[in-house]
Amino acid sequence: MELRLGTINLEPKDLAYVRALVRLFAHTEKLSWSFADAAPYHAVVADPGARAANPGFFAAFEGLVLTLGHLPGQSAADTVAYPIRANQFRDWLKLRQDSLRELLHRSDTPAMQPVMEIAQVVSTAAPSPALVKTSQAGRRYKLRRWPPADLLRGDSGAMRMATFMSRNALSMAQLAALTGQPEDTCASFVAVLHAANLLVEVVAAELAPETAVAEQAAPVRRGLMASLRRHLGI
Amino acid sequence: MIDIQNMPAGLPGVAQRAAAACLAEVAGVTAVVIATVDGFDMASAFRGNQDAARIAAMASSISAISSMVAVEAGLGSFKSVTIGTDAGFAIVQAVPRQDVELVIHVIADGDAILAQAMHRVGVIAKLLAGAGA
Amino acid sequence: MKEYKLLITGTMGAGKTTAIRAISDIEPIVTDVVNHDSSVAKARTTVGLDYGMLSLDNGDRIRLFGTPGQARFDFLWEILARKALGLVILIDNSRPDPLADLAMFLDGFASQLARLPCVVGVGRLDTHPATTLDHYADALEARGMVFPILTVDVRQRADVVSLIDTLLGQIEAGMALDLP
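Here the protein sequences come in this chain order: A, B and C. Numbering follows this note's numbering, in which position 60 of the first sequence is assigned residue number 60; successive positions increment by one, without gaps. Numbering follows this note's numbering, in which position 95 of the second sequence is assigned residue number 95; successive positions increment by one, without gaps. Numbering follows this note's numbering, in which position 134 of the third sequence is assigned residue number 134; successive positions increment by one, without gaps.
Honestly, the hints are just simulated from the structure, not real lab data. Model, not experiment: these values are computed from the prediction. Just so it is clear, CB atoms sit at the ideal spot from N, CA and C, and this is done for glycine as well.
Below are the DSSO-like pairs computed for lysine-lysine, each with C-alpha atoms no more than 27 Å apart in a straight line:
id: 1; chain 1: C; residue 1: Lys-83; chain 2: C; residue 2: Lys-2
id: 2; chain 1: C; residue 1: Lys-83; chain 2: A; residue 2: Lys-142
id: 3; chain 1: A; residue 1: Lys-13; chain 2: A; residue 2: Lys-94
id: 4; chain 1: C; residue 1: Lys-42; chain 2: B; residue 2: Lys-79
id: 5; chain 1: A; residue 1: Lys-30; chain 2: A; residue 2: Lys-13
Computed footprint of chain A on chain C; a stretch qualifies when at least three of its residues, placed anywhere within it, have a C-beta under 8 Å from a C-beta of chain A:
id: 6; segment: 136–142
id: 7; segment: 147–154
Same shape as in the complex, but just chain A (with noise of 0.2 Å):
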């Protein structure tokens, strides 16, 4: 049975580098890993900082991540040294290979429940929000699809951030001028939607340029829908 591996806030580098020993590793010790891109996973290796922002969530999959570094007061099983050790990452999964294998093949859903998750709490985990700035500043998303109801959670502030981006490609700058929402959180839901594979990345050179965004943006909707939100008791 294939095993999904996916990462968490890593730098482009530790990504590109934790895919490559996945593969190197699925043909020399035969492991069942596979890099995944996108949700469901079986488990993930996570960038300190979205551990530590989010100790309570990541206690709940203990066993199932894989932190790179090691953390004050983390068990040392689920840790990397970093930069990372190729044979340390190996051991891991085959670890995880083994203990995973026994818990899906023992049962149906309630055993695959924990498992199975995470799929779904991962994606919607709160990343570090530097990393997720720096590693997406310049780039700029479209929805692909609308978010599912539960990735929304009703919270007006993500809906507004949606609304827009369904119907623009975006950057974090335009995302935070259009909605009022500071930068970060507009960082944050992105990676959570980027992470639940409902963008498209749309190249920077053929849209309209930064400053458009953030000259136009007030005085047009201090006008009509401003008015219009007022009558309506918004």
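We have chain A; now place chains B and C onto it with these hints.
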């Protein structure tokens, strides 16, 4: 779809004969459609390839909007409206019945005389108002 | 004073007239008549248009237009959609094939939807959950379209307001980047 079985007995037949006669006897008339007020064609007669269903729907929309104009203007109930065009005219006429509301739609070209067509439409309306009762 | 138009369409019984009534400043003008369509258990149906209005504090007016829902009135859809700011499509999830209903409106407004902001409101999802919002998202994605999809009970003013608020977000997005 409209359920003809639920129409008053004999009414569809009377409507079809009236439509055919109007087409044959009134110069310039190119289409006659008699429809329910919600846009289903009950009877029709054409010279060309018009779409009865589409004309019926249009007639009901025109009738409904015209009815609202009459009400808003405080002028009572809608009776008829005439649409003048470059190459002819169209008449939409309400049929006053208690059980099922109908609309007559007549399309005519440049050979038709408006007064003659309007008179005939009025006659059909009276006929249908009392038919199948 | 400027005047703008918002258009509400959707299947028969989806609640177009109700939605307009929920937010209109005036008693809506409706052109509903006796329904003879034996396939739908509804006493009356809109055959012309519904009309409501919002008078804003800056003097502008928003005209709310509701279309007939049946395909045989699709000639009115194009007419009513002219110069509209945005479109709301209301779907009744209790109907036999709500995705086919959505397809009908996406086809009927295809030329307008290339530029027109749009929101899809799905009613009766709680009592008829077989077709989910993800199914609607799938259907739109298959056409290369992305529109907000919301559950809505048009009898609740707050739901209608939320729908319009989402549509306004779409309109803002288009205006802000000068989309055609």
